[in-house]
Amino acid sequence: MSQALDLIGIFVFALSGALVGVRRRLDVVGMTVLAEMTALGGGILRDLILNVRPAAFSSTGYVVVPAVAAAIVFFWHPQVERVMPAVDVLDAAGLGLFCAVGTEKAMNYGLSPLHGALLGVTTAVGGGILRDVLAGQIPLLLYDRQLYAVPAMLGSAVMAALYTLDLHGWPATLASAVLAFGLRIAAMRLRLRAPLARGVASDQGP
Amino acid sequence: MSQALDLIGIFVFALSGALVGVRRRLDVVGMTVLAEMTALGGGILRDLILNVRPAAFSSTGYVVVPAVAAAIVFFWHPQVERVMPAVDVLDAAGLGLFCAVGTEKAMNYGLSPLHGALLGVTTAVGGGILRDVLAGQIPLLLYDRQLYAVPAMLGSAVMAALYTLDLHGWPATLASAVLAFGLRIAAMRLRLRAPLARGVASDQGP
Amino acid sequence: MSQALDLIGIFVFALSGALVGVRRRLDVVGMTVLAEMTALGGGILRDLILNVRPAAFSSTGYVVVPAVAAAIVFFWHPQVERVMPAVDVLDAAGLGLFCAVGTEKAMNYGLSPLHGALLGVTTAVGGGILRDVLAGQIPLLLYDRQLYAVPAMLGSAVMAALYTLDLHGWPATLASAVLAFGLRIAAMRLRLRAPLARGVASDQGP
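Chains as they are written, first to last, in this note's numbering: chain P, 1 to 206; chain E, 1 to 206; chain D, 1 to 206.
Extracted from the complex, chain P is given alone in its bound form:
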């Protein structure tokens, strides 16, 4: 069950990576690399920091699913672009799931709540950052003012707090994931925006 949710999150993240590949006119190799890195990069960073072998390198599904996503985008990217609003909702679900699961894993390995939450956020957003760096772009997360990292931070913080209260296992994970998911959806619907530094005019992009 949790494995199935993981794979859905990985699939959706991989779709976003492969689509960036199409938009940047990358070839099939580039699309596949972006799909894999977007989907698996956050978890790999988390596991490198925890000093354990990355989960992606002991699961067949984790490697195959992004390749399937890249193949789908390769053949049907116009159709995938059309269903992007639905993909964005699934992406928010992946964000919620990965920040909760990442925080829990980090705390299982003995990190403090602060560092556990930090690593949970890294799990959720690290793949997207690697995707953009590889695609030659400033990571969207750093400038687009959408609330993407903030819901992950709050979800991770709640997971860390529940863990500290000895509430872990799937109900706590699910509650934290749903919270981050709900906040992300609310931020999209309400067009909430992260502030720029004081005095910086907001009419131009980087």
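If you're looking for bench data, these hints aren't it; they were derived computationally from the structure.
Being a predicted model, the structure only gives us computed values, none of them experimental.
All C-beta atoms in this analysis are idealised placements derived from N, C-alpha and C, irrespective of residue type, glycine included.
Please note: incorrect hints may appear among the correct ones.
According to the in silico footprint, chain E covers these stretches of chain P (three or more CB under 8 Å from chain E) [said to hold, decoys possible]: (1) 28-42; (2) 56-62; (3) 65-75; (4) 123-136.
Below, in silico cross-link-like pairs of lysine to any residue (SDA-like), each with a Cα-Cα straight-line distance of 20 Å or less [what the hints assert, rightly or not]: (5) P:K105 - D:A55; (6) E:K105 - E:L5; (7) P:K105 - D:V52; (8) E:K105 - D:N51; (9) D:K105 - E:L48; (10) E:K105 - P:R53; (11) P:K105 - P:Q3; (12) E:K105 - P:S58; (13) P:K105 - P:A55; (14) D:K105 - E:V52; (15) D:K105 - E:N51; (16) E:K105 - P:L48; (17) D:K105 - D:A93; (18) P:K105 - D:L48.
Here are the computed distance ranges between Cβ atoms for each label pair [what the hints assert, rightly or not]: (19) P:P195 - D:I8: 24 to 32 Å; (20) P:G199 - D:G199: 39 to 47 Å; (21) E:A175 - P:L7: 32 to 40 Å; (22) P:L7 - E:A67: 39 to 47 Å; (23) P:L190 - D:A186: 53 to 61 Å; (24) E:F75 - D:N108: 36 to 44 Å; (25) D:A201 - P:T60: 50 to 58 Å; (26) E:V68 - D:D166: 29 to 37 Å; (27) E:F75 - P:L192: 53 to 61 Å; (28) P:R191 - E:R189: 51 to 59 Å; (29) D:I8 - P:W170: 40 to 48 Å; (30) P:L114 - E:V52: 26 to 34 Å.
With chain P fixed as given, assemble chains E and D onto it according to the hints.
Okay, now just chains E and D, sitting in the frame of chain P:
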């Protein structure tokens, strides 16, 4: 013997890194950083994922050889540019060697054939990706449509298959390396190209 | 004491990261990510290569101080820009400290003097490289011809030499740090410049 081959591969990869440094008008520090990262980056990524100390940090030759390559390019880059066709052949040899050696090392550490082959490809192409990211370019591998990763994939897959059949040691490594090398040379000679996503016109670069 | 010096170095590196964020018009999330990565990135790279859990993930101060620096820059960046000459002096102090401390830690973990010094330089300059890659720029270190890495190399080399002579502990660290600091300040005052490859005209940037 295997050590000497390794050092030749490292030297050639370092030349390509230092040359990118010259073309991008980097200073001597930048040239040296690119030479070291191009030559050693793939192996460092592999070893970080295997959760062992990177081989580059326990070998003197691995660190000194790229610095020598950077010094040669510093003084004689026009001459090095002139012999690039020969360097490309040596680069193909490095590609073949590193994908085979990387796959074998990964499987020695208990990875599955699928993950071993994946890490073999990472060993072979990771340094070039880091080189381009540090030089402020989209990694060539992702868009230039040359078959560079694909020969490494096939060589790694053959190495993984041989390993599964209990055929490891230098004959298997050599066979896999030669296969990847030959495919890379064939791809260059025949100008084989990786496809773009369906419907994407091929007349413009990213 | 050493902890306090560390935190000052981290604070100053984080200021530089957050300022790059303002100049690139990133939002508050981007500023905070750049502050954290600039301050902690070099040490995280060092610890990943040493195959130990990064120090940043077991210290509260290491995570909180860059966030405070980002908040200060968020509200008072014009004032921080005005005191940049002073910040540059503190940055040189951080450079000196981190190269010495990084080399010592690496040698404590059994690396050779060569590799210890290399990892000391990585500790000192790695955060700045990550800052620039994330901000979509070629790392300043690779092209700006200032002597920034070179003082760190010399400080690290002296630390490694002292360590080999069994002179470690704070006097050796302090001496190496002060040496690198002094060289960096001298390089700034005297406008010393790293050379470009032979024959490359120096009138254009990358």
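Okay, the hints, checked on the actual structure:
1. Proximity of the region 28-42 of chain P to chain E, defined as three or more residues with a beta carbon under 8 Å from a beta carbon of that chain, is established by the 6 residues found.
2. Restraint check on the region 56-62 of chain P versus chain E: 3 residues with Cβ-Cβ distances below 8 Å, three needed, restraint holds.
3. For a cut-off of 8 Å, the count of residues in the region 65-75 of chain P with a CB near a CB of chain E stands at 3, and the three-residue condition holds.
4. Evaluation of the coverage hint for the region 123-136 of chain P: fulfilled, as 4 residues show C-beta separations to chain E shorter than 8 Å, against a requirement of three.
5. The hinted pair formed by K105 (chain P) and A55 (chain D) meets the criterion: a straight-line CA distance of about 18 Å does not exceed 20 Å.
6. Between the alpha carbons of K105 (chain E) and L5 (chain E) the distance comes to roughly 16 Å, so the proposed pair stays at or under 20 Å and holds.
7. A threshold of 20 Å between alpha carbons decides the hint, and for K105 (chain P) with V52 (chain D) the separation of about 17 Å falls inside it, so the pair holds.
8. For the hint linking K105 (chain E) to N51 (chain D), the alpha-carbon distance of about 17 Å falls within 20 Å, and the restraint holds.
9. As the CA atoms of K105 (chain D) and L48 (chain E) are separated by approximately 18 Å, the hinted pair is consistent with the 20 Å bound.
10. With a C-alpha separation of about 15 Å, the suggested pair K105 (chain E) and R53 (chain P) falls inside the 20 Å cut-off, and the hint holds.
11. As the CA atoms of K105 (chain P) and Q3 (chain P) are separated by approximately 14 Å, the hinted pair is consistent with the 20 Å bound.
12. Distance check on the hinted pair: K105 (chain E) and S58 (chain P) sit about 15 Å apart at the alpha-carbon level, within 20 Å; holds.
13. For the suggested pair K105 (chain P) and A55 (chain P), the alpha carbons sit about 11 Å apart, so the restraint of at most 20 Å is met.
14. Simply put, K105 (chain D) and V52 (chain E) have alpha-carbon atoms about 17 Å apart, close enough for the 20 Å limit, and the pair holds.
15. Our distance criterion of 20 Å between C-alpha atoms is met by K105 (chain D) and N51 (chain E), whose separation comes to about 19 Å.
16. Taking the CA atoms of K105 (chain E) and L48 (chain P), the gap is about 18 Å. The hint holds against a cut of 20 Å.
17. About 18 Å separates the Cα atoms of K105 (chain D) and A93 (chain D), which keeps this hinted pair within 20 Å; it holds.
18. Taking the CA atoms of K105 (chain P) and L48 (chain D), the gap is about 18 Å. The hint holds against a cut of 20 Å.
19. The supplied range of 24 to 32 Å is met by P195 (chain P) and I8 (chain D), whose beta-carbon atoms lie about 28 Å from each other.
20. Distance hint for G199 (chain P) and G199 (chain D): a CB-CB separation of about 45 Å, consistent with the stated range 39 to 47 Å.
21. The beta-carbon spacing between A175 (chain E) and L7 (chain P), approximately 35 Å, falls within the hinted interval of 32 to 40 Å.
22. At roughly 45 Å, the beta-carbon separation of L7 (chain P) and A67 (chain E) lies within the given 39 to 47 Å, and the hint holds.
23. Checking the proposed 53 to 61 Å range against L190 (chain P) and A186 (chain D) shows it holds: the Cβ atoms sit about 55 Å from each other.
24. The supplied range of 36 to 44 Å is met by F75 (chain E) and N108 (chain D), whose beta-carbon atoms lie about 38 Å from each other.
25. A hinted range of 50 to 58 Å for the beta carbons of A201 (chain D) and T60 (chain P) is consistent with their spacing of about 54 Å.
26. Taking 29 to 37 Å as the suggested C-beta distance range, the pair V68 (chain E) and D166 (chain D) conforms, at roughly 31 Å.
27. As the Cβ distance of F75 (chain E) to L192 (chain P) is approximately 56 Å, the hint placing it in 53 to 61 Å holds.
28. Range check, R191 (chain P) to R189 (chain E): about 54 Å between beta-carbon atoms, so the 51 to 59 Å window is met.
29. A beta carbon spacing of about 44 Å between I8 (chain D) and W170 (chain P) agrees with the range 40 to 48 Å that was offered as a hint.
30. A beta carbon spacing of about 29 Å between L114 (chain P) and V52 (chain E) agrees with the range 26 to 34 Å that was offered as a hint.
Violation of the numbered hints given earlier is absent; every hint is satisfied by the structure.
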